[in-house]
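There are 2 protein chains.
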Amino acid sequence: MKPAIKAFVFDVYGTLFDVHSVTAACEKQFPGLGVQISQAWRKKQIEYLFLRQLMERYRPFDQVTREALRFTVKEHQENLSDLQEQQLIEEYHRLTPFNEVEDVLKALSGNQLIILSNGTSDMLASLIKRANFTSYFTSILSVDKIKQYKPVPASYNLVLEDVDAAPEEVLFMSSNGWDITGAKSFGFQTAWINRSGLPKEELGFTPDIIYSDLTGMLEWNN
Amino acid sequence: MKPAIKAFVFDVYGTLFDVHSVTAACEKQFPGLGVQISQAWRKKQIEYLFLRQLMERYRPFDQVTREALRFTVKEHQENLSDLQEQQLIEEYHRLTPFNEVEDVLKALSGNQLIILSNGTSDMLASLIKRANFTSYFTSILSVDKIKQYKPVPASYNLVLEDVDAAPEEVLFMSSNGWDITGAKSFGFQTAWINRSGLPKEELGFTPDIIYSDLTGMLEWNN
Numbered sequence: 001m002k003p004a005i006k007a008f009v010f011d012v013y014g015t016l017f018d019v020h021s022v023t024a025a026c027e028k029q030f031p032g033l034g035v036q037i038s039q040a041w042r043k044k045q046i047e048y049l050f051l052r053q054l055m056e057r058y059r060p061f062d063q064v065t066r067e068a069l070r071f072t073v074k075e076h077q078e079n080l081s082d083l084q085e086q087q088l089i090e091e092y093h094r095l096t097p098f099n100e101v102e103d104v105l106k107a108l109s110g111n112q113l114i115i116l117s118n119g120t121s122d123m124l125a126s127l128i129k130r131a132n133f134t135s136y137f138t139s140i141l142s143v144d145k146i147k148q149y150k151p152v153p154a155s156y157n158l159v160l161e162d163v164d165a166a167p168e169e170v171l172f173m174s175s176n177g178w179d180i181t182g183a184k185s186f187g188f189q190t191a192w193i194n195r196s197g198l199p200k201e202e203l204g205f206t207p208d209i210i211y212s213d214l215t216g217m218l219e220w221n222n
Numbered sequence: 001m002k003p004a005i006k007a008f009v010f011d012v013y014g015t016l017f018d019v020h021s022v023t024a025a026c027e028k029q030f031p032g033l034g035v036q037i038s039q040a041w042r043k044k045q046i047e048y049l050f051l052r053q054l055m056e057r058y059r060p061f062d063q064v065t066r067e068a069l070r071f072t073v074k075e076h077q078e079n080l081s082d083l084q085e086q087q088l089i090e091e092y093h094r095l096t097p098f099n100e101v102e103d104v105l106k107a108l109s110g111n112q113l114i115i116l117s118n119g120t121s122d123m124l125a126s127l128i129k130r131a132n133f134t135s136y137f138t139s140i141l142s143v144d145k146i147k148q149y150k151p152v153p154a155s156y157n158l159v160l161e162d163v164d165a166a167p168e169e170v171l172f173m174s175s176n177g178w179d180i181t182g183a184k185s186f187g188f189q190t191a192w193i194n195r196s197g198l199p200k201e202e203l204g205f206t207p208d209i210i211y212s213d214l215t216g217m218l219e220w221n222n
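Those sequence lines, one after another, are chains A and B. 11 is the number that this note's numbering gives to position 11 of the first sequence; each next residue is one higher, with no gaps. 90 is the number that this note's numbering gives to position 90 of the second sequence; each next residue is one higher, with no gaps.
There could be a bad hint or two in this list.
For chains that are exact copies, the list does not tell them apart, and a pair is met inside one copy or across any two.
Unchecked claim - The calculated lysine to any residue pairs, modelled on SDA-like cross-linking and capped at a C-alpha distance of 20 angstroms, are:
1) 28 - 136
2) 43 - 91
3) 200 - 100
4) 147 - 56
In case anyone wonders, no lab produced these hints; they're calculated from the structure.
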């Protein structure tokens with residue numbers, strides 16, 4: 001039996017939008033290395049978010065994304081001109097939503113649909129506007145408000161400051177295993193959108209539901 | 001000119017001891033995958049330390065190491081029996097020191113030589129005893145005392161609780177870029193033992209010295 005859910009909360013990067021839609025732009029700048037650089041960039045970006053949080057040296061997501069790109073290009077023994085950097089960063093502001101996202105948002109509309117992301121408010125507003133998704137969401141929450149990144153508990157608590165719900169009345173969706181673990185540890189119901197077919201994390205918290213993409217959420221239509 | 005240093009502080013895993021000395025044991029259990037599994041295991045171990053710290057779900061280093069191994073093996077679509085797991089974990093308690101370590105410890109003896117590690121006290125004592133290094137160290141500090149992993153500031157502060165020194169009178173050595181960044185952010189002098197020839201991290205903190213292995217520390221002999 002499905003629990004009563006008062007708010008459906010979406011992660012953004014990797015969940016609604018494909019972070020690897022920068023692959024073609026990476027390939028254009030670094031022929032033969034597009035896939036590798038895109039994947040290493042994303043991994044480094046996440047590592048840098050974690051490290052800045054741990055070191056108590058918060059900086060906004062766009063700066064961290066840029067710093068991760070710089071490291072990644074150097075790690076691949078390539079050079080990055082200011083112009084190339086600017087072009088790749090702009091590409092990051094134009095990520096493509098996954099194909100099924102709009103159908104799922106339509107099916108769930110009428111519920112409280114919330115975004116909770118490590119991205120800045122500006123980055124989120126721009127991405128969601130470009131995709132014409134603005135009208136579906138009741139709230140767009142950025143951790144930048146408290147300058148603490150997911151998966152720290154305070155970041156997930158932003159949802160509870162926004163809606164009148166108990167943690168277990170929130171269904172949180174993310175493709176990122178670490179994000180799903182953090183959300184479950186905080187007390188949310190979780191649906192892991194396991195786009196890459198990875199094994200479950202071994203951190204003592206199991207997602208309540210696993211779907212291979214967001215299409216699984218269509219069964220929550222009521 | 002070298003600053004006056006009151007304490008020389010060593011990281012352990014990857015710095016004094018080779019975490020990839022488990023490669024042969026991994027290869028024996030998973031033929032053809034030894035290098036890949038050893039490397040992925042180490043990366044996952046570090047990610048899990050960070051995640052547990054961020055989620056405020058500290059568990060000791062040996063448990064995290066075991067959980068990271070379980071994920072890594074599943075990620076490589078292999079199975080891990082209880083016996084195999086036990087054998088690999090035991091291997092982790094028998095890591096090999098890098099060749100130059102003993103000469104460096106000898107050259108620096110007479111100074112305060114301290115260990116600061118994410119490992120548990122038991123794991124550290126056993127590793128150091130096996131290598132016959134016990135007599136070189138004035139203190140062996142484990143973050144397990146405060147249950148907060150490096151690179152959080154409180155972990156580096158354990159050194160200042162142990163020695164009478166200002167942060168800039170401590171020289172901290174690690175092969176891990178994230179550890180060197182955290183130590184520099186805290187205020188230590190840092191020597192990055194860049195064993196893998198990686199680029200500098202792009203996190204706004206630059207190591208004071210870079211050596212390709214600990215042999216560079218021989219010039220601190222006085």
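### Query
Checking against the hints above, which ones are violated?
1, 3
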